[in-house]
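So the sequence lines, in the order shown, correspond to chains X and A. Position 9 of the first sequence, counting from 1, maps to 9 under our numbering, and the rest follow consecutively. Position 231 of the second sequence, counting from 1, maps to 1231 under our numbering, and the rest follow consecutively.
If you are wondering where the hints come from, they were derived from the structure by calculation, not from laboratory data. Be careful, since some hints might not be right.
Within a straight-line C-alpha distance of at most 25 Å, the following computed PhoX-like cross-link-like pairs (lysine-lysine) qualify [claimed, not checked]:
#, chain 1, residue 1, chain 2, residue 2
1, X, K282, A, K1273
2, X, K113, A, K1273
3, X, K358, X, K393
4, X, K262, X, K282
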Amino acid sequence: MANRSRRVVPVGLALVLALAVAGCNANSSSGDSTKDKDKSTSALESVPQGGTLHYLSRRATETFETANAQMVPTSRLRWVHRGLTSWQTFPDKDTVLVPDLATDTGTTEDGGKTWTFTLQEGLEFSDGSPITAQDVKYGIERSFAPMFQGGLGYHKTLLEGGPDYDGPYDGKELDSIEVVDDHKIVFHLSRPFGNWPWIVSMPAFAPVPKAADTEPETYGENPVASGPYMVTSFSKGTQAVLERNPNWSADTDQARLAGPDKIVLDMGLNNDTIVQRLIDDKGEDQSAISNALISPSQFQRIESDPSISDRMANGPSGYFRYLAMNVTRPGLSDVRVRQAINYAINKAEVQSVYGGPKFGGQITASIMTEGIPGATDYNLYDGGETGDVEKAKSLLAEAGVTDLKLSLTYPTDVSAIEEKEAQSIKNSLKRVGIDVELNGLDGDGWYELISSADGDYDLTTSGWGADFPSGMSTIQPLFASSEIGDGGGNASQYSNPDVDAAIDAAISEPDLDKAAEMWAAIDRQIMEDAPIVPILVQRTQALAGSKIMNYFMPAYPPFANELVVGVDR
Amino acid sequence: MITYVARRMVTAVFMLLAIAFVTIALFFGASKDPARAMCGKPCPAETKAKVSAYMQTDQSVVWQYGEFVKGLFVGRTYGEGAQQVECAAPCFGYSFPNRSDVTSLIAERLPVTLSLALGAAVLCLVVGIGLGALSAIRKGGIVDRFSTGFAMFGLSVPTFLVGLLVVQVFGFMLNVLPFSGFVPFSESPAGWAWHLVGPWMVLSFILAAGYIRVTRTQLLNELSADHLVAMTARGASPRQVNRHAVRGVMVPISAMFALDVTALLGGSVIAEKVFSLHGLGDLLLSGVNEADLSIVVGVTLFSAFLIIVGNLLVDLALPLLDPRIRRA
């Protein structure tokens, strides 16, 4: 799942997923020069069939419930469940959307407000019953039930009548999901939405046969499978064993390679122990992947030993790290002051706080990160990697600002990293004569503050990860004026009617290539107003055992594709 | 005696009710919003309000407390109609992230914590009293010097460090112990013990320190006490003398032991975390991390309950061990 990355180091809810990556021997992407698209590595089109894959999870609450899951379509949840669409990822080119249960990625004839999907013929669940449009509808409806709070819920507000719908358990259906026949399903949205084909790749769009949903609370422990594997044993919080679903056929599936015969998922393991086991690479751990987070202190050890570093996938993809400037505050209302701060920040220092160019991340000056269509490498305020103090000072002088005092709030409960980052920004701004007062808050208090319209703060550091590759999932949540306050992510409280209108148009555009161009223009338009200082695109890393094949970090999302790994035998 | 027990029980109940109130009040005093954690993404204000209403976290502290106490006796339901989830009495609350009532979560986790606690308790008692007694008997001898140092070390190093060292040395370097996991006793007693040796070693090492010191000091005091000196003077054998001395040592040791065991039963957060054991400590930690009020209150109360019961048992047992207390 891609989530707001408030927490960077273990413990957190934010990076709650498989930061799993790693290179197999044949396929490790070194991760150097990440904007270079001509890497020799490529995704394998097939992997050896057979063997047992081990998954070491630091989460104890692993289930195969789709109604409230918050995981990307390339995650382990989808070993068991298919969606209407899915993703193909590559080490060397952008992620693409492919049909999964459906025959295509959806069609619209009214500019993106009504979307039609047709299911492939002859698909069967693990229990032998046919996969029908009705099962897809029921699966989506379940996600509206209050008992399944949470998960990726874009569809809940987009489907007509969604906000007032409470799930199928009291006998009601959501009429905006229209089942035309066994194979044809039509979605009626409350507004044109060009990214709907990506939305239907999300967990809630997995089919669930109503007849099998007799105990919704525990359905995710032994669901009926549409994907290549079915759960054959489940011990809550400890272990799940998956074996092949005989009714799944590889010819119908463009997203999964289904190499291993069996998958053993161990849950609730200590993060550091997982990393240590993968470093050690003994016995079954040689065929293991994980969602453990590698801490900066472990990089050196890994780096110094090629037999370990060869197994580490390091990706350009990751989380967008930025400094938000509250434009409603007197000290920051002048665009020249915000531009001056853009020039003043020593991004190289923040980069080293996060682990340097190789592990920490790439310095950036735009909003959308690599892998998001429309992301462009431009820099409106090029002060070099360490900042341009003179330029910043002259802008401040032009704005007639002297003795500026600003507060900088940041979350403290995670790791000392965010504190060091805040300190670095304070030092940067001191160079240009801006006095920064640091205000560290615990994670929840911090988020409460920066997501309320009357929050008392000037600056805040923050992070963001997109849920699907589109400006809709990066620019809209952070810069639309509807996202100011009430828990929204617009911490700069940036409100520009022109930008709002442009965002609205881009969201509606069903031609995604055209939408990408629109998002690119909005990216630049926003940066002209300088409501934030883009700092880094953080990298993500993970280790895999030495027998794991085809395990790499794509440009987006910041997780390895767990559906295509194989076990070398 | 019966009135005494009855009085203690009544106090205990009030104490537990007070602890529940303080836990709930503290939880809501903090800035954590359980609805945000369970709201998903995106999380518009209306969705959050819906989630909050369903989880009943939008109500006041007093209301929460009232419902909690009521739930203990008659159970609780969340949601309405076909949507509702039931939490049967005694309901300690319902954990939405785990989709389970807290009572069953505690019941699920208890065997792990119980195994961990009892093994560690026995081991620390054997090591602690053994080394302490040997030190006292041969004061200044090599055992004494070793165990004093051992105790000092045990008292001063943090649990997580010892835990990580044990995992690192025995698990990874020597590869003689499993580094994580739990096997139920009913499945394989050998596997059960095998997986727990590491955490037992860690916990008993930390705990034994106290027992070594108390046993040693107490035994030395006893041995030099007037009545034992007199006993020796009258020609009693060292064996007889020691037997009397041990009774004096038993009192503080039992008091200490009962408290340690009950605290261990409440969950050892760090040892469980290091060894990836899913006991009560781990449950409590996940509750705190996920802003899951029900778990926090449930586990806190359960631990408090154990400690109060443990204290009561000690107070009832001590007079049996030491007649002087009975007379006082």
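Results for each hint:
1. Restraint check for K282 (chain X) and K1273 (chain A): the C-alpha separation of about 22 Å stays at or below 25 Å, so the hint holds.
2. For the given pair, K113 (chain X) sits about 49 Å from K1273 (chain A) by alpha-carbon distance, which is inconsistent with the 25 Å threshold.
3. Of the pairs offered as hints, the one joining K358 (chain X) and K393 (chain X) is violated, with about 31 Å between alpha carbons and a cut-off of 25 Å exceeded.
4. Our distance criterion of 25 Å between C-alpha atoms is met by K262 (chain X) and K282 (chain X), whose separation comes to about 19 Å.
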